[in-house]
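Visitor: Listed here are the chains, written in short residue letters.
Number of protein chains: 2
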Amino acid sequence: MFCVRTCSGLMGLRAAPRVRSLHSFPGITIDEEVAKLLALKAQIGGDNVKHQFVLKTAKGTRDYNPKQMAIRERVFSTIIGCFKRHGAETIDTPVFELKETLTGKYGEDSKLIYDLKDQGGELLSLRYDLTVPFARYLAMNKITNIKRYHIAKVYRRDNPAMTRGRYREFYQCVNDRRILDGMFAVCGVPDDKFRTICSTVDKLDKMPWEDVRKEMVTEKGLSEEAADQIGEYVSLQGGMELAERLLQDQKMCRSKQACAGLSDIKLLFSYLQLFQVTDKVVFDLSLARGLDYYTGIIYEGVLTQAGVAPGSTEAQNGTPAEESVSVGSVAGGGRYDGLVGMFDPKGRKVPCVGVSIGIERIFSILEQKAEASAEKVRTTEVQVMVASAQKNLLEERLRLLTELWNAGIKAEVMYKKNPKLLSQLQHCEESGIPLVAILGEQELKDGVVKLRVVASREEVDVSRAALVDEIRRRTSQA
Amino acid sequence: MFCVRTCSGLMGLRAAPRVRSLHSFPGITIDEEVAKLLALKAQIGGDNVKHQFVLKTAKGTRDYNPKQMAIRERVFSTIIGCFKRHGAETIDTPVFELKETLTGKYGEDSKLIYDLKDQGGELLSLRYDLTVPFARYLAMNKITNIKRYHIAKVYRRDNPAMTRGRYREFYQCVNDRRILDGMFAVCGVPDDKFRTICSTVDKLDKMPWEDVRKEMVTEKGLSEEAADQIGEYVSLQGGMELAERLLQDQKMCRSKQACAGLSDIKLLFSYLQLFQVTDKVVFDLSLARGLDYYTGIIYEGVLTQAGVAPGSTEAQNGTPAEESVSVGSVAGGGRYDGLVGMFDPKGRKVPCVGVSIGIERIFSILEQKAEASAEKVRTTEVQVMVASAQKNLLEERLRLLTELWNAGIKAEVMYKKNPKLLSQLQHCEESGIPLVAILGEQELKDGVVKLRVVASREEVDVSRAALVDEIRRRTSQA
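Keeping their order, the protein sequence lines are chains Y and A.
Sequential numbering from 1 applies to the first sequence in UniProt numbering.
Sequential numbering from 1 applies to the second sequence in UniProt numbering.
Pulled out of the complex, with its shape left as it was, chain Y reads as follows (with noise of 0.2 angstroms):
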């Protein structure tokens, strides 16, 4: 089960102009005006109604301009692609569920959870991800087995670093459950400490083995002897090779989930082989996902960059190269076989492996590659230009657009009714329209049209007739 979410949470505060809010009262009834204005008095909360408020959007959002939305739907489209390779089909839920569909899904997280104000119905929250309102779905519609992707905005009441600059490589590092928790089963930790002490190993993407080990120790109160032998486990990374390993393990080998999970890190390795990728996948003892609802292989997709960049974590223990740092992890999953059941009335478990692509930070690094590349984004698709040299043409310019579209030709005009023949050239060389049709009267008195090429300015006249098919050959690359 894929999905893509794009979370709320980007970016802080706008520059905010003050502004009065201007509120005007057209000609009604007394009765209702006055109603209007308690209505207003009540919605504002203040006892002026010419208030002052700040231009801006909601803390943690942010507006999408057109240039952004194009490389937003360039990296869209992307994702989507290779999902529909896949043979994934897409479904969509309400961005708002039922408060309690999502309590006691999240642990920790809840308290980042958007409620909807009682209105006198339904007690609401906005989706915090998109597999509790999936798991909902497929409990809800009886479904076993689906292969689906998601795109959607998820809503979490948190401020996240942004880490932007160009990462270097992008691998993902691969885990289970089920391994963890035998490790820590071997390494003598009680079975009451496991979430904690694995909370705590979590860490070690940001903090070094020995702030790790010290929490471990003093403020979660585990053994020396223990710490360190999980300090062994977790300080390991490779592929097939060590889960064979481990495998052999004295140790790990008492535990049996962990011998499960091993066999099927292996399996998996063996799938890997014929997908061609171990060279990006890493089997890593230390990753250890926050979220309750996993319950075998877990794994995430980490960009690494070289240097630190501001906001950026610090060297993950020991990832492939050396001096890299990670950007965080830009993807993330695993098998969370219980969480379907826990929405069917019988209980019945549905078992279901998914990933979830984190998009900003993808994209806010796609984007400050663009501004730094001389790479002209278009916002538009338009394809040609309707212009005139002379003036008294807007209906003829008009008349030649609609037999454009009509066609299906992606065409403009500009809308001044006299425009100057220089500024429509501009408009197109700011906006990357790559033709411009040109009418005077010369030009309709012969039938014909002038195109020009804006790159090359090079001028042919065309007949009317053929104009839809030029313009199509010249284009057929857009």
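Please note that the accuracy of each hint is not assured.
Note that the list lumps identical chains together, so a pair holds whenever it fits in one copy or between two copies.
Listed next, the in silico DSSO-like pairs over lysine-lysine satisfying Cα-Cα at most 30 angstroms (straight line) [what the hints assert, rightly or not]:
| id | residue 1 | residue 2 |
| --- | --- | --- |
| 1 | K67 | K153 |
| 2 | K369 | K56 |
| 3 | K56 | K67 |
| 4 | K117 | K59 |
| 5 | K84 | K416 |
| 6 | K193 | K369 |
| 7 | K445 | K420 |
| 8 | K117 | K56 |
| 9 | K214 | K111 |
| 10 | K111 | K416 |
| 11 | K142 | K369 |
| 12 | K369 | K84 |
| 13 | K203 | K193 |
| 14 | K111 | K153 |
| 15 | K111 | K59 |
| 16 | K84 | K391 |
| 17 | K147 | K417 |
| 18 | K56 | K153 |
| 19 | K84 | K67 |
| 20 | K346 | K251 |
It should be emphasised that the hints constitute simulated quantities derived from the structure, not laboratory data.
Given the structure of chain Y, go ahead and fit chain A onto it with the hints provided.
Guide: Showing chain A alone in chain Y's frame:
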């Protein structure tokens, strides 16, 4: 400024089996456990953690399954194609705005806005339309010139009755706020009654004139003479010639703004002639859109059908097709030259004109059409299924699958170790996969793949090297 809104508020309650929500409590320290329990208790506001709840989507919202998504995406691509043909660029804004950004923009409708709970941050509301956030965006970014489209969901706390059924025709009716106000003035409506009388006129698509007149006189206290004069005007429908006739109308001429509006209608129809769409547009003096912010031309796209469908409204007073029934407005908009100024510190005005398409109604009609027709809606784009006739060929299937994926072919494989050939073929027929690439011992020995056309059951041996091109050739239509 085009926008497409998929408005939540489409469906009522779903079938709702009772479900017990299970909460797992992995071993954590007592303090943490207590804290977690308290938080949880607070969240569900109950004393028993294992409480009952209804498995459903929030009232007024719905899921989209893969078939519905396929139809929805077809609708979107048609609409987006039209926007792009006309040179529009796209933007995106957050799903919620500061509450005060929406305050005082919707008049009566404000009560339908979803507010977010005050969780110690800013006061937020879910967007009610895409127009006000767009105006906020323009003011914030000091944009005075943009041709944008925006496709997104908006949120309204109501449950519109959905009309389904095959529609007979689509047409647009057009009017101008200035004509309405001018008409009211010359008919002797007191200034302070313009808006309220306007909202009564707005009901003409749901009530016969007699009832509308009654409301004007008895409820709104309008004189019978004034009401009857309005009655004559609002019954008028036509095109260019009607605008010309009214410009000669002794009474109408007394209103400057009515004349301004009528001249613009005339100009509009001169353009509509050039665009060859006069047959689809009706100048209708009874059209009066609800929202406050329109300042000039207003219009609605209307679907009509023969026979009354459940929940559909009464025949509109004199729609072109006589006994036809309005399926209601599927699009609407107009000019709003004042809205951006409400956000600008100096109140600078930015003239805007736009249309909003309500996708749900269009979607539900097309969905019903698809159900009625034999046409099979594909939910994936898979070109070929990699299958095997014998056992123990999983690895060979995955190897071929990888070859195809790397070549950009949309391919799929069944996840079973040894699936039956029949079940593999059945999956293709069910999901509309046109080709099957069958591997067997013999094919592997001969370095070929048996390519089967699902529809015709024709089978040909294709050399492994030529397979990709052969698949491309045979699915070039798809």
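Visitor: Measure nothing new, just compare the shortest in-copy and cross-copy C-alpha distances for K193 and K369 to 30 angstroms and report within, between, both or neither.
Guide: neither (44 angstroms within a copy, 58 angstroms between copies)
Visitor: Reference check for the pair K117 and K56, CA-CA at most 30 angstroms: within, between, both, or neither?
Guide: Cα proximity of K117 and K56: in one copy and across copies (21 angstroms, 19 angstroms).
Visitor: Taking 30 angstroms as the upper bound on the Cα-Cα distance, should K84 and K416 be classified as within, between, both, or neither?
Guide: between (44 angstroms within a copy, 20 angstroms between copies)
Visitor: Which holds for K369 with K84 at a C-alpha limit of 30 angstroms: within a copy, between copies, both or neither?
Guide: For K369 and K84, the Cα distance is within 30 angstroms both inside one copy (27 angstroms) and across copies (26 angstroms).
Visitor: With identical chains treated as interchangeable, where does the CA-CA distance between K346 and K251 reach 30 angstroms or less: within a copy, between copies, both, or neither?
Guide: Classified as neither: same-chain Cα gap 38 angstroms, cross-chain 74 angstroms, threshold 30 angstroms.
Visitor: Go through the copies and call it for K214 and K111: within, between, both or neither, with a Cα cutoff of 30 angstroms.
Guide: within (27 angstroms within a copy, 55 angstroms between copies)
Visitor: Given a CA cutoff of 30 angstroms, do K56 and K153 count as a within-copy pair, a between-copy pair, both, or neither?
Guide: both (20 angstroms within a copy, 20 angstroms between copies)
Visitor: Should K111 paired with K153 be assigned to within, between, both, or neither, using CA atoms and 30 angstroms as the limit?
Guide: both (18 angstroms within a copy, 26 angstroms between copies)
Visitor: Given a CA cutoff of 30 angstroms, do K111 and K416 count as a within-copy pair, a between-copy pair, both, or neither?
Guide: neither (54 angstroms within a copy, 41 angstroms between copies)
Visitor: Can you tell me if K111 and K59 fall within 30 angstroms by alpha carbon in one copy, between copies, both or neither?
Guide: both (17 angstroms within a copy, 24 angstroms between copies)
Visitor: Within a copy, between copies, both or neither: where do K56 and K67 come within 30 angstroms Cα-Cα?
Guide: Answer is within: at 20 angstroms inside a copy they meet the 30 angstroms cutoff, but 39 angstroms across does not.
Visitor: Up to 30 angstroms between alpha-carbons, please classify K147 paired with K417: within, between, both or neither.
Guide: Classified as between: cross-chain Cα gap 18 angstroms, same-chain 54 angstroms, threshold 30 angstroms.
Of the numbered hints stated above, those contradicted by the structure are hints 6, 10, 20, listed in ascending order.
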